[in-house]
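Trainee: Make the full structure from the sequences, and use the hints.
For the protein sequence lines, the chains are A and B, in the order given. For the record, in the first sequence the residue sitting at position 66 is 66 according to our numbering, with numbers rising by one throughout. For the record, in the second sequence the residue sitting at position 244 is 244 according to our numbering, with numbers rising by one throughout.
Hints in this document: simulated from the structure, not taken from any laboratory. Quick caveat: nothing in here was measured; it's all calculated off a predicted structure. Any given hint could be a false lead.
Claimed, not checked - One-sided and incomplete, this derived list gives chain B residues near chain A with beta-carbon spacing under 7 Å:
hint, residue
1, E3
2, Q6
3, A7
4, V14
5, T111
6, I137
7, S139
8, T216
9, S217
10, Q220
11, Y252
12, L256
13, P260
14, S265
15, R267
16, E268
Claimed, not checked - Mimicking BS3-like on lysine-lysine, the simulated pairs with C-alpha atoms at most 30 Å apart in a straight line are:
hint, chain 1, residue 1, chain 2, residue 2
17, A, K392, B, K124
18, A, K227, B, K124
19, B, K124, A, K258
20, B, K124, A, K274
21, A, K381, A, K169
22, B, K124, A, K387
No residue lacks a Cβ here, since even glycine has one placed at the ideal position from N, Cα and C.
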Amino acid sequence: MKIKRNGKWTLFMVMVGLCLIVSSVGTPAWSKDKEVKLGVFGDVTGPIAFTGQQFWKGYSDYFRWVKKHDPIKGITVNILMEDTGYDPKRYLPVLKKFAAAGISAGYIMGTNGTATMSDELRRLKIPCVSEGSGFPPAIDPPGYIFLLRPLYPDVFAAACIHFMEQWKKAGHKEKPKVMTITWDVPYGTAHVELGNPWAKKYGFEVLPTQLFAGQPNDLSTQLLRAKSMGADLVFSNILEGQFAVLLKDAKRLGLQGKIQFVGGSECRGAEVIKLAGDAANGAWSVSHFVDWSETDNKGIQLGMKMQNEFRGGVDYQTQYLMGVIPARITAEAMRYAAKNYGPDKVDSAGIYKALTTMGKIDMLGLTADVQYSPTERRPFKQLNISKCEDGKWVKEKYGIEVPWLKP
Amino acid sequence: MTELFQAVASGLMVGSLYSLIGLGIVVIYKSTRVFNFAQGGLLMVGAYLAWSFMEQAGMPIWLGLICGLGSAVVIGFLIERFGMRRMVGQPILALIIVTLALQAFIDGVVTLFWGQNNYLVYPKFIPPNPVEFLSIILSLQHIIVFFITMLVIGLFIVFFHYSKWGLDMRAVAEDHQAAMCMGISIKVVFVMAWVISAVLAYIGGVLLGSINGVSTSLHQIAANCFPVVLLGGLESIPGVLIAGLIVGILEYMSGLYLDPIVGASTREIVPYCILVLVLMIKPYGLFGLERIERI
Chain A
1 MKIKRNGKWT LFMVMVGLCL IVSSVGTPAW SKDKEVKLGV FGDVTGPIAF
51 TGQQFWKGYS DYFRWVKKHD PIKGITVNIL MEDTGYDPKR YLPVLKKFAA
101 AGISAGYIMG TNGTATMSDE LRRLKIPCVS EGSGFPPAID PPGYIFLLRP
151 LYPDVFAAAC IHFMEQWKKA GHKEKPKVMT ITWDVPYGTA HVELGNPWAK
201 KYGFEVLPTQ LFAGQPNDLS TQLLRAKSMG ADLVFSNILE GQFAVLLKDA
251 KRLGLQGKIQ FVGGSECRGA EVIKLAGDAA NGAWSVSHFV DWSETDNKGI
301 QLGMKMQNEF RGGVDYQTQY LMGVIPARIT AEAMRYAAKN YGPDKVDSAG
351 IYKALTTMGK IDMLGLTADV QYSPTERRPF KQLNISKCED GKWVKEKYGI
401 EVPWLKP
Chain B
1 MTELFQAVAS GLMVGSLYSL IGLGIVVIYK STRVFNFAQG GLLMVGAYLA
51 WSFMEQAGMP IWLGLICGLG SAVVIGFLIE RFGMRRMVGQ PILALIIVTL
101 ALQAFIDGVV TLFWGQNNYL VYPKFIPPNP VEFLSIILSL QHIIVFFITM
151 LVIGLFIVFF HYSKWGLDMR AVAEDHQAAM CMGISIKVVF VMAWVISAVL
201 AYIGGVLLGS INGVSTSLHQ IAANCFPVVL LGGLESIPGV LIAGLIVGIL
251 EYMSGLYLDP IVGASTREIV PYCILVLVLM IKPYGLFGLE RIERI
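Mentor: Pasting the structure below:
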């Protein structure tokens, strides 16, 4: 058979050839770093959308910063992110997808993801840093979940310890009364089972827990119960919008200043102040990281630099800082693995080994130094309390030592 | 006793908001027989639009609110014109599924345009000051919401009973063919129903946003309105008002008395339990029309 070749065909072949040559020049042999894929289970929609979006911003900005200013020798990081919507049904399919794509490590944004994937991650041997402190079985016995924040009973304990200190200092002799008003989900109630018996032993009178569902419009019922039972301390492991409603209603009912309101890490956002206004004054928030107001802190300075460089200005979102923490831990583990085991060994096994053996990770002052070990996945034993004063979160007390509450 | 009165008063305030949002569902059902699952989405997008006009576009509050209202009218029109009208003649189930799709679409649009801006706060046009009355302390925001709701529902009762358009809508709700024979344009009535529903959702969104801030979780309140609408009898405006208040009070009473016994939040399931009980006795709801068909 005779094939007719005209000038156009030849020109096409030449163009294809040129493209191949150009593409090979684009990937020079001397820059063949190992590609390490990280999977982010992004709860960027759904009930914790706002929190998840801020986590993602902090996480992705930190890796952009590392790539530009402090690259990890021998590897390039490729971050995959899928929206999991804080929906338990979505995590395992995304994990399957990520595993097929060959991720070496991951980042989970909440308790739902941690509870859903904990066993599967053990089976796949993929280490994941996780915000999901509401599911203690994920770290006991230690597996492939590395917690990024204190367990919720620890947060409750820190609030109780500091309150008791203040209570005694004020010369009160009777037992203070503590009540939990919280969101009726595993995250909201995670501290109750272990925290309440511990608080009783610690010297509190523990009042019945008051629950609410979803985003409340009015929490009068719960607050009036706190008032009638004489609560001195009200603890809530809830989100910004919910905490703002609690504080606004407390002010309306004349409870501001009479009861000490304390929220968990999510309650320290700028949104609480924006939504609650001066009703937020006097409220505490317990967390493991520092405030944006501490401008001498290296981690805060880095957060500002990153936002100025990548986002054109600083948005003082607490969860942005919380997103930097997992990125820093993962990046340092990869850096350690690349340096000590070689870039080729920066994979699931290498990152797991690094996380469990590298010792203290310098967190630039954003949190206390983090250290995991073959038997330890709970990195924060000391917590900080901030107080809202004149529309700003300021340091109340840092470095409160908390016991590990176990069944 | 104070707790009980406070729970009833708070329940009335929140229940009135349910009534307002539920009214949007009733208006559409009355004229088109479609149960609109996208009412929560319309509410959320309305709240975001009002914020955008007031904060992003820097308009004065009154102008921002009016522009938001205008946008709600346009959205209602567009939904009917390009979504629902094409489904005329299709089974009702298909139309209902379209409203579910619409909800998902609105969720996506809101995430796309405002997803990065959660917990937005309006300029303070409803002060949150406490108001004390006979040892009950209520927020001025809630009281204003209550009165606006009563006013809007009152206006709609008058509209449906005494205006020509209202009568047209009731005629269409009764029988499409008979209404057409009487020279009523079904298309116009459908457009009107969707526009009114979008406007009601907008008002609800702005009122709710002024209490809680504007966030992507605003649409969740619609889930509390579904039992309200069913309890009220699906097509009764006074019914949705009374059912909203009943559900609001029941939620707070269950929080007060049931939660401590059960040890969990019962507020969200109690309305549905009551709904099931009422429907067993009165299958058409408290104020629904009992249809008798001649065979």
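Trainee: All the hints need checking, so say for each whether the structure fits it.
Mentor: Hint by hint, here is what the structure shows:
1. Interface restraint check: E3/B against chain A, minimum CB-CB distance 5 Å, threshold 7 Å, status holds.
2. The interface hint given for Q6/B is met, as the beta carbon of that residue sits about 5 Å from the closest beta carbon of chain A, less than 7 Å.
3. Taking 7 Å as the C-beta contact cut-off toward chain A, the hint placing A7/B at the interface holds, the least distance being around 5 Å.
4. Restraint check, V14/B versus chain A: the minimum CB separation of about 5 Å is within 7 Å; hint holds.
5. For T111/B, the interface hint holds, the least distance from its beta-carbon to any beta-carbon of chain A being 6 Å, beneath 7 Å.
6. With a least beta-carbon distance of about 5 Å to chain A, the hint placing I137/B at the interface is held under the 7 Å criterion.
7. Checking S139/B against chain A: minimum C-beta separation of about 5 Å stays under 7 Å; hint holds.
8. For the restraint placing T216/B at the interface with chain A, the shortest Cβ-Cβ distance is roughly 5 Å, inside the 7 Å limit, so the hint holds.
9. The beta carbon of S217/B is positioned within 7 Å of a beta carbon in chain A (closest approach about 5 Å), and the interface hint is therefore held.
10. Annotation: Q220/B was flagged as interfacial toward chain A, and the flag holds, the nearest CB pair being 6 Å apart, inside 7 Å.
11. Because the closest C-beta pair between Y252/B and chain A is about 5 Å apart, less than 7 Å, the hint holds.
12. Annotation: L256/B was flagged as interfacial toward chain A, and the flag holds, the nearest CB pair being 5 Å apart, inside 7 Å.
13. The interface hint given for P260/B is met, as the beta carbon of that residue sits about 6 Å from the closest beta carbon of chain A, less than 7 Å.
14. At about 4 Å, the closest approach between the beta carbon of S265/B and any beta carbon in chain A falls short of 7 Å, and the interface hint on this residue holds.
15. Hint status for R267/B: holds, given a least beta-carbon distance of 6 Å to chain A, under 7 Å.
16. Contact between E268/B and chain A, as hinted, is supported at the beta carbon level, the nearest pair being about 5 Å apart and thus within 7 Å.
17. For the suggested pair K392/A and K124/B, the alpha carbons sit about 20 Å apart, so the restraint of at most 30 Å is met.
18. The suggested pairing of K227/A with K124/B holds, with an alpha-carbon distance near 29 Å, which does not exceed 30 Å.
19. Our distance criterion of 30 Å between C-alpha atoms is met by K124/B and K258/A, whose separation comes to about 27 Å.
20. For the given pair, K124/B sits about 11 Å from K274/A by alpha-carbon distance, which is consistent with the 30 Å threshold.
21. Between K381/A and K169/A the CA atoms are separated by roughly 24 Å; this keeps the pair inside 30 Å, and the hint holds.
22. Among the hinted pairs, K124/B with K387/A is consistent with the structure: their alpha-carbon atoms are about 25 Å apart, no more than 30 Å.
Going through the hint list in order, the structure satisfies each hint without exception.
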